[in-house]
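Chains as they are written, first to last, in my numbering: chain A, 1 to 229; chain B, 1 to 212; chain C, 1 to 58.
One or more of the hints may lead you astray.
[To be verified] Listed below are the simulated DSBU-like cross-link pairs for lysine-lysine, each with C-alpha atoms no more than 35 Å apart in a straight line:
#	chain 1	residue 1	chain 2	residue 2
1	C	29	A	74
2	A	74	C	46
3	C	46	A	172
The hints are simulated quantities; they were obtained by calculation from the structure and are not laboratory data. Owing to the predicted nature of the structure, the values given are computational and were not obtained by experimental measurement.
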Amino acid sequence: MRVVSRLYRVPLPALAVASLVLMMVALTLVFYVAPNDANQGFSQRIFYFHVPIAFTAYACFAAGAWKALRHLWKRDPLADLESYVAVHQGVIFGTLVLLTGSIWAKISWGHWWLWGEDELVLFLVLFLFYCAYFMLRFSVDPGPQRANLSAVYALFGVVLIPVSFLAIRIAKSFVHPEVFTLHGPNFGGWILVTYCVAQAALLLFAHTLYRVELTGKRLDARLRELRFA
Amino acid sequence: MTYFADVGALARKDLLLELRARDTLPAMLLFVVATFVVFHFSLPAHSSQLAASGLLWVAIIFTALLGLGRAFVPEREQRVLDGLVLAPCDRSAIWLAKSIATLAFLGAAELVALPVFALFFHGLSGATVAGVVLADIGICAVGTFLGAMAVATRARDLLLPLLFLPLAIPIVVGGVGASVVGSPGRYLAFLALYDLLFGLLCWATFEYVVTE
Amino acid sequence: MTTAETYVTAAYCVVFAGVLVYVVLIALKLQRLEREVDELERAAHKAAEDERETVGVG
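Okay, chain A solo, but in the shape it has when bound (with noise of 0.2 Å):
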């Protein structure tokens, strides 16, 4: 039986292209276009895909876990799949934001690691927790309980982002009295539109790697059903 899902109507090469062409306008933005930054020169750019980067795991995350939602309270079948594919995103996307971190951190402070800027640490504990969803889940025999029980805990990941946000923040005071901030740069102009125009490229891009992840799992499990049918 063949699920027709609803916003699965764009066809994935035209996806593909669309992602294509907008990271190559953000590329171009974001390198030949955008002005230097006062304070921190050319290596400031690598802002430009950080914090999107940042954003796009956020988005994966809080799709996985609403995914996950409604596969416990819809019952809906493809739910659990689509959950798992947006938490592996999510997890691409993060490591993603730890290595452009480190790589800034390191430029613009000589440390390939930071414990004072707050969202480096979220997403090192976030990488935990998500590292640990695909333990879970690979332990676990595919059926309803394996589906079940990533669902939950996909749902204990998005309530754990604002707590340990919030955590890290408090833990300041006594675990890193100095403060190494990453500044962004003031927006305005040209830097506005690079970083939205940015954002929208990997938002895109991570939708586009979504479907084609998505897609070639569903085809796998069709064609298990057919040869067992």
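The hints should help you fit chains B and C onto chain A, whose structure is shown.
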């Protein structure tokens, strides 16, 4: 109020089992005292009092993990969990009862551990004890929930610490803050918020962990 | 930006563009595969239907 009657009956069962078997609580006590001795040797000379306070929370988390790992073992070994799920009680009562029982064990272990800590290292403020109480509630609520999840998998004992530690980080932050900082009110309030949020989430979703 | 930086950046952008083109190709392949699996499913269902028709009562 049959819900609370169910919870009471289930919690009583766990406590009675432990009273007869007497294996988890002595192990936790021994573990926590041994951990303190290890801490003494891992703190170099002239380490501040604050370092020891921080390590107290490490000891609490890992002792709790030890106890939580054992929480669902009787159910799993005797296949009682299926029977409990079939019983005509709200599934979340299973979680609540198990959390209360684990809380009792953890509390009993801390009744010994905290004075021993005061003996080995330094005295404990009221705020620390309040933090311990609030943190215990969070640890047992979330830990019991995750223990039930881990029991359903193949990896079981391996998986519980992996699942638990990221969620325990806010608890450690709240607890250490309450022990160390001059005005602990913020941290105690944070611990209470954590307990409330995650307690509610566990209570609402436990049904899905044990059923299909 | 100096000339060297311009070219280095351009090189990285080209590499990234290459990766994105690869994603487009994968998307096209997936679309084709989906169409083929649709056909297979239809054929399988038809075969099952035919089988059901020929098996009579009694």
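The hints, checked one at a time:
1. Of the supplied pair hints, the one linking residue 29 of chain C and residue 74 of chain A holds, its CA atoms being roughly 32 Å apart against a limit of 35 Å.
2. Taken as a hint, the residue 74 of chain A and residue 46 of chain C pair is honoured in the structure, with Cα atoms around 31 Å apart against an allowance of 35 Å.
3. Among the hinted pairs, residue 46 of chain C with residue 172 of chain A is inconsistent with the structure: their alpha-carbon atoms are about 66 Å apart, more than 35 Å.
In summary, the structure is inconsistent with hint 3 from the numbered list given earlier, while agreeing with all the others.
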